[in-house]
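Peer 1: Put chain B on the given structure of chain A with help from the hints.
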Amino acid sequence: MSLSFALSKPLVDYGRAIREWGVSECRPYAREADERHRTPENWSKILDTAPVPLGRHDLPHAEPKPTFEESNWVRDVVFYESINYGDVWVQPALGGGIGHLVVSAMGTPEQVERWHDPVVSGGLTTAFALTEPQFGSDTSQVATTATRDGDAWVLNGTKIFCSAGGTAEYIVVFATTDKSLRGKGVSAFVVPKGTPGLVVAKFNENKLGIRCWITSELVFDNCVIPVENQLGWTADAAGGPKQSGHSGALAALAFNRPNMGAMAIGLAQASLDVTTKLLAERKVGFTPHRWSSIQGELAKMDHVLARGRRLLFQSQYLVGRGTPDGAAAAMAKGYPPQTCERLIRRCMQLLGPEGTSKDLLLEKWYRDVKIMDIFEGSGEVQRIVVGRTLMGRLVS
Amino acid sequence: MDLEPAEEHLAVAELARGIGLEVLSSAASAAEAQRRVPENVWKTVFETGLTVPVPEEFGGGGVMDTVTQMIAVENLAYGDPAITLAAVWSGAAALLIARCGTEDHTGLLPRLAADPTSRSAVALYEGHGRAPAEFASTITLTEHGQWRIKGRKLAVAFAAEADPLIVVGMDPTTGALRAAVVPTSDPGVTIEPDDRGLALDACATSTVSFDVTIAAGNLIGGPEADPATLANTVSRIRLAVAAAQVGTAQRAVEYAAKYATERVAFGRPIAGFQGVSFPLAEAQIRIQAVRLEIADVATQLDDAALRDCEDQVTRVVNYAGEVGAESTRQAVQTLGGHGFITEHPVELWYRGAAALSTLDFDPLCSCFEPAL
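Going line by line, the protein sequences match chains A and B.
Take numbering that gives the first Met the number 0: the final residue in the first sequence is number 395, and no numbers are missing along the way.
Take numbering that gives the first Met the number 0: the final residue in the second sequence is number 371, and no numbers are missing along the way.
In isolation and in its complexed conformation, chain A is listed as follows (with noise of 0.2 Å):
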């Protein structure tokens, strides 16, 4: 058997049907999202219509995403890039976030059973806390503190860029016990929503895209928890969980990476999709020499989408397999989301002043498109990734 690069059917058309119900349910609500920076109100009534099984997590008991003969991490890929093609509002709304990653990356089976599979049956939405005002990538510097007090924790600091930090159900946030160990000091705690001493400072920053995510900033005032929430904790294990809350962070981010390439992947080819389709009626507008070019330029933003896939799915085919490579999800994270910016910027310019106009969302998935390349680890960081699989650590 040679290789092959094709998707199955069925899950051909899972990502086909949640595009075109994107289009012609979702999409109609984005520039509202975006003014008034919150998911559309009759959202619950929206996502009902979904003609396939989205895995929503604001609902009880909704029927998980199904499953195809490729791996749900390959699945996964379909699903992001064709769930942010009709908008990026659609996502969040479906809850989930990305606190219960670490649970399961970090936590004790207990922990696991507790915290994390009530989330994948349904109707939680769990984050994660990490960056802090003074960092982000280097997060060696975790300044907030856990202080062991009997049988509790005490969390105290500020941590800022959290998703969905206003309204989860637990926030998994990451503390140093101990600062003179910097990286390998810092452990992981579930904080659960409304735990006093928990503050949010600021439900949503003001951004330049992506404006109805909730961004939360997070303020930990002696706030309280118990000692079972330390993850990887167990009542007999007197040195505290193996795995640093460092390094266990990252090591739950890296596969679900590839899924942010996909997002941007999602915005560029509905970019593209809607400007050729403008531009063919405009077509007598162009020169025959522009319009050749332009139809060439066409083809190769498409040509350069499929070059990104080729790339997240090679990286979630791995961890599927049993075989996860961090230097493949790092490239499949690394390589679409600058592209994506240009070509959604070119597809603005193709069209002209008015592509930059509010009558077409191009503008907003600009605007949209440039976290991409900074959340979940910059395509700096991805460049590190690669670059150690190459030439080592010469820096620690």
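For the record, the hints were derived by calculation from the structure and aren't laboratory data.
Take the hints with a grain of salt, since some may be wrong.
Stated by the list, open to error - Sample of chain A residues lacking proximity to chain B, with all beta carbon distances greater than 12 Å (derived):
(1) R147
(2) T166
(3) G193
What the hints assert, rightly or not - Here chain A is said to cover these stretches of chain B; the calculated rule only asks that three of the stretch's residues, wherever they fall, bring their Cβ under 8 Å from a Cβ of chain A:
(4) 33-43
(5) 127-134
(6) 320-328
(7) 345-356
(8) 359-371
This structure is a prediction, so every number in the text was calculated from the model and none was measured.
Beta carbons: idealized from backbone N, C-alpha and C, even for Gly.
Peer 2: Same frame as chain A, but now just chain B:
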């Protein structure tokens, strides 16, 4: 060769940079939110005489040369491109009349020079990558000695309130450019305000469609107007967008560079990592290349031969569009998540540069290239 800036250039740069930073920059967000330039800000820019060039005999401060005006535009845009171009575009009508008009129209100049509340417009851009030599808008002599204007113009600043509104189009008989004053109240003029989404909200623009017949007296410079002077002036107006891109990009790169020297990660200021410093350095190299190209084209436009340098203008404007968009992009990237929130102005510049890059875009001047 003489690359030494003249005293006048340095003085204009200093004046414009000061106003850009102290007045325009601090007003930028408010102007965007209110979708208009605050009156006091407009007045300050107006009173410099840098944006409404009117000869002294008509009460203005004189018409500076192209080189000097581009220096002014760059340095004002260092503060904010939207407010800068609002003022420059409104002043373009005065420039065009001053350089190409006869006494039929120069009578308008004293008011334009004296009244900061006056707004005027030059309807220029047509999209589709069309430079002026390829304009589809026509200004045609009718058999009754009047002039018929037909066409559609994009991104016309202050169209609805403009007095005068000047249209630039092609005379199909001569194949040369003409310009004419069109009354905005004419039923043959349709003004559709643009609903701006990305940026430049401070400078309200419209799409304007024309199908009007005007009296011979409305033709700027009359039937015997020199098309070379007009084409040269149109090139200058177009070139101003490239200068605004340079100012915007320069500001963004400097802002990001400063941030990089202050932000510490992995044990040192991030400026110490080549992955951070090189992209900003490359942006700076490109910005300087555009700056010199603008100055070179500007000197040619100022030459007595009155060339239009149309191809060169198209190229530099399009290159400046890419450089502006990519430089501001790199500035946002350098700040990371902080670049994505409105507490820092880099997101404003990122939006502004991209919006400007669509105005006078020609697909033949650049190619889409994937980043990797």
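Peer 1: None of the hints should be skipped; say for each whether it holds.
Peer 2: Here is how each hint holds up against the structure:
1. The non-interface label for A:R147 is consistent with chain B: the shortest C-beta to C-beta separation is roughly 28 Å, beyond 12 Å.
2. Distance to chain B confirms A:T166 as a non-interface residue, since its nearest Cβ pair spans about 19 Å, more than 12 Å.
3. No Cβ of chain B approaches the Cβ of A:G193 within 12 Å, the least distance being about 26 Å, so the stated non-interface status holds.
4. With 0 residues having a beta carbon nearer than 8 Å to a beta carbon of chain A, the region 33-43 of chain B misses the requirement of three or more and the stated coverage is violated.
5. Here's how the region 127-134 of chain B fares: 4 of its residues keep a CB closer than 8 Å to some CB of chain A, so the rule of at least three is met and the hint holds.
6. With a cut-off of 8 Å between beta carbons, the region 320-328 of chain B has 3 residues touching chain A; three or more are needed, and the interface restraint holds.
7. Using a Cβ-Cβ cut-off of 8 Å, 6 residues of the region 345-356 of chain B lie near chain A, which meets the minimum of three, so the contact claim holds.
8. Coverage of the region 359-371 of chain B by chain A holds [criterion: at least 3 residues with CB-CB distance below 8 Å; count 10].
Going down the numbered hints, you'll see the structure goes against just number 4.
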